[in-house]
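Undergrad: Full structure from sequences and hints, please.
Protein chains in written order, with the working numbering: chain A, 1 to 222; chain B, 223 to 444; chain C, 445 to 666.
Check before you lean on any hint, since a few could be wrong.
[Said to hold, decoys possible] Below, computed lysine-lysine pairings styled on DSSO-like, alpha-carbon distance capped at 30 Å:
hint	chain 1	residue 1	chain 2	residue 2
1	A	LYS38	B	LYS260
2	C	LYS482	A	LYS38
3	C	LYS482	B	LYS260
Since the hints were made in silico from the structure, they are not lab data.
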Amino acid sequence: MTQVLAQWQSAVDFAQRGGELLGVVSFAASGALLAVRKNLDIFGMAVLACGCALGGGVIRDLLIGRTPPAAFTDLTYLCAAALTAFAIFFRHPSHRLTRSGLEIFDAIGLGLFCVTGTAIAYAHGTGAPTAALLGMVTAIGGGVIRDVLAGEVPAVLRPDQELYAVPALFGAAATATLLHFGAYRAWSGLLAAAGAITFRLLARRYNWRAPQPRHRPDPQPD
Amino acid sequence: MTQVLAQWQSAVDFAQRGGELLGVVSFAASGALLAVRKNLDIFGMAVLACGCALGGGVIRDLLIGRTPPAAFTDLTYLCAAALTAFAIFFRHPSHRLTRSGLEIFDAIGLGLFCVTGTAIAYAHGTGAPTAALLGMVTAIGGGVIRDVLAGEVPAVLRPDQELYAVPALFGAAATATLLHFGAYRAWSGLLAAAGAITFRLLARRYNWRAPQPRHRPDPQPD
Amino acid sequence: MTQVLAQWQSAVDFAQRGGELLGVVSFAASGALLAVRKNLDIFGMAVLACGCALGGGVIRDLLIGRTPPAAFTDLTYLCAAALTAFAIFFRHPSHRLTRSGLEIFDAIGLGLFCVTGTAIAYAHGTGAPTAALLGMVTAIGGGVIRDVLAGEVPAVLRPDQELYAVPALFGAAATATLLHFGAYRAWSGLLAAAGAITFRLLARRYNWRAPQPRHRPDPQPD
Chain A
1 MTQVLAQWQS AVDFAQRGGE LLGVVSFAAS GALLAVRKNL DIFGMAVLAC GCALGGGVIR
61 DLLIGRTPPA AFTDLTYLCA AALTAFAIFF RHPSHRLTRS GLEIFDAIGL GLFCVTGTAI
121 AYAHGTGAPT AALLGMVTAI GGGVIRDVLA GEVPAVLRPD QELYAVPALF GAAATATLLH
181 FGAYRAWSGL LAAAGAITFR LLARRYNWRA PQPRHRPDPQ PD
Chain B
223 MTQVLAQWQS AVDFAQRGGE LLGVVSFAAS GALLAVRKNL DIFGMAVLAC GCALGGGVIR
283 DLLIGRTPPA AFTDLTYLCA AALTAFAIFF RHPSHRLTRS GLEIFDAIGL GLFCVTGTAI
343 AYAHGTGAPT AALLGMVTAI GGGVIRDVLA GEVPAVLRPD QELYAVPALF GAAATATLLH
403 FGAYRAWSGL LAAAGAITFR LLARRYNWRA PQPRHRPDPQ PD
Chain C
445 MTQVLAQWQS AVDFAQRGGE LLGVVSFAAS GALLAVRKNL DIFGMAVLAC GCALGGGVIR
505 DLLIGRTPPA AFTDLTYLCA AALTAFAIFF RHPSHRLTRS GLEIFDAIGL GLFCVTGTAI
565 AYAHGTGAPT AALLGMVTAI GGGVIRDVLA GEVPAVLRPD QELYAVPALF GAAATATLLH
625 FGAYRAWSGL LAAAGAITFR LLARRYNWRA PQPRHRPDPQ PD
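TA: Dropping the structure here:
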């Protein structure tokens with residue numbers, strides 16, 4: 001019985017580490033592709049890729065008091081992010097691929113990080129609601145850092161953008177619920193991530209947008 | 223005697239929590255109103271409101287090593303900020319109100335946060351000068367996060383802006399002095415906050431500006 | 445023998461503190477000069493000078509869990525940064541001096557901070573690779589904060605910029621190597637800093653740039 005539990009646990013750990021690495025690579029790809037669009041050089045690509053891929057996790061680790069953050073002690077993540085940037089540098093993608101690729105990789109990173117971020121915060125002893133919040137911040141943080149560094153308004157705020165924070169909150173809340181009721185397994189975590197990714201991609205595909213304030217201000221001279 | 227002191231203390235605690243909640247609501251309102259001006263949707267309003275209302279306190283908590291920050295463990299603040307954003311969404315204010323409202327709420331938040339930020343840092347064991355600095359950072363931090371996220375130069379730096387950091391530093395230094403000499407009470411703290419708010423609003427009303435470098439550079443071709 | 449070692453150690457400490465103060469003054473000057481270029485007032489100059497001079501160290505201290513950060517407890521650094529801003533305010537430099545001065549002071553700060561940042565992180569118990577990373581972040585962080593606050597794309601990313609992160613990484617890696625093999629002394633640390641500064645200034649002088657992605661995207665309509 002204990003052995004089966006231990007196997008479950010190690011499967012969860014393995015899946016979680018795999019999920020985090022995949023999230024790092026996805027966000028690194030979205031950062032590198034934004035750098036290509038902005039005509040940055042290879043080091044700008046690496047900086048934007050690392051900032052996007054590791055930024056969310058660094059913010060989460062600072063918030064839960066895990067110092068130095070995992071991104072600085074376990075160099076696997078940094079190397080994965082840098083290698084992704086170099087791979088994209090040498091594959092020189094076309095404009096069209098750059099644009100849609102950025103969105104898809106960003107969605108994958110968003111979905112994976114809201115789940116792993118919630119699980120890591122929960123394992124660190126926070127309550128379930130706090131863990132869900134931290135998971136959402138982990139998922140959103142990297143993209144915000146990427147966009148602020150590149151001089152763009154973050155995707156999470158852009159008025160022409162489809163739902164972004166809501167899928168992350170959905171995935172994080174689902175994960176926190178699973179954790180709270182002891183039902184967090186490798187497959188249920190992946191399911192929550194897949195749900196968040198699908199939610200985000202459907203929102204993009206079908207232009208699900210949140211309402212804007214109705215009686216918008218008249219454009220008067222200031 | 224001890225009982226009277228305890229009553230004083232609980233009155234101070236009550237006033238401080240009330241002051242912090244009012245500061246959160248004020249900064250949330252200023253964030254949501256900026257989001258209205260920028261035509262963001264309802265979730266963009268909520269993100270900007272929460273970032274502005276909770277950002278300063280989160281920075282302060284990270285700097286004094288209180289992890290996870292209060293904003294993530296005590297969800298009252300987050301709910302207050304989100305509710306403020308929703309209230310403004312459904313009241314659809316006019317352009318004129320949006321502009322002046324943003325400034326007034328921002329001043330109230332600034333004044334309250336420089337006092338509560340200083341008091342919280344001091345209670346956490348920092349010296350009085352450090353507490354004053356942290357109080358000023360708490361007060362300024364939220365507005366800086368709001369403006370950077372919205373793609374604007376922060377109010378604290380804008381050349382066409384009236385005194386902003388100085389009122390916050392004034393309120394924080396007054397609070398640190400009160401704390402250092404054991405004269406920090408509910409009413410003296412509120413007085414310091416009121417002083418900082420009045421200072422900021424007077425600066426706006428009468429265009430008190432700091433001097434710019436005198437012999438400004440000639441506009442030469444680079 | 446022990447006495448000689450102790451003398452070495454205190455010489456290293458003295459040189460390190462001197463190096464950090466010089467780095468603070470240099471970065472403060474670069475922040476204040478950018479503020480002059482942006483026509484900010486005297487308080488804007490002070491905020492940008494302090495943000496640039498202290499920002500990198502604050503980020504490093506947060507990442508290694510040293511709270512409150514040194515910049516908030518040892519007010520020498522803050523005073524040095526503010527005094528630098530005031531000195532530049534009253535010297536009203538010309539446009540030409542402003543531009544080249546910003547670059548030179550930025551290079552000096554970059555070189556000194558990548559060395560002291562690495563040494564401080566290493567002394568705090570991190571491994572050599574983590575220390576090198578944290579040193580690079582210390583060196584780059586202040587400039588990124590300065591540029592983001594001023595509404596510019598950070599120098600480390602700008603496509604028209606010469607090598608910036610690479611000299612910082614070079615200096616940090618050299619310092620980490622010295623520390624790892626116990627060869628970190630006052631003079632070898634200064635040598636590493638001088639190497640990084642020279643690297644950066646040579647990169648500027650001779651326009652050493654990193655390659656951009658080769659098959660750049662065709663400007664197609666979106």
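Undergrad: With reference to the structure, classify each hint as holding or not holding.
TA: Going through the hints against the structure:
no., hint, result
1, LYS38(A) x LYS260(B), "holds (24 Å)"
2, LYS482(C) x LYS38(A), "holds (24 Å)"
3, LYS482(C) x LYS260(B), "holds (24 Å)"
No hint from the list above goes unmet by this structure.
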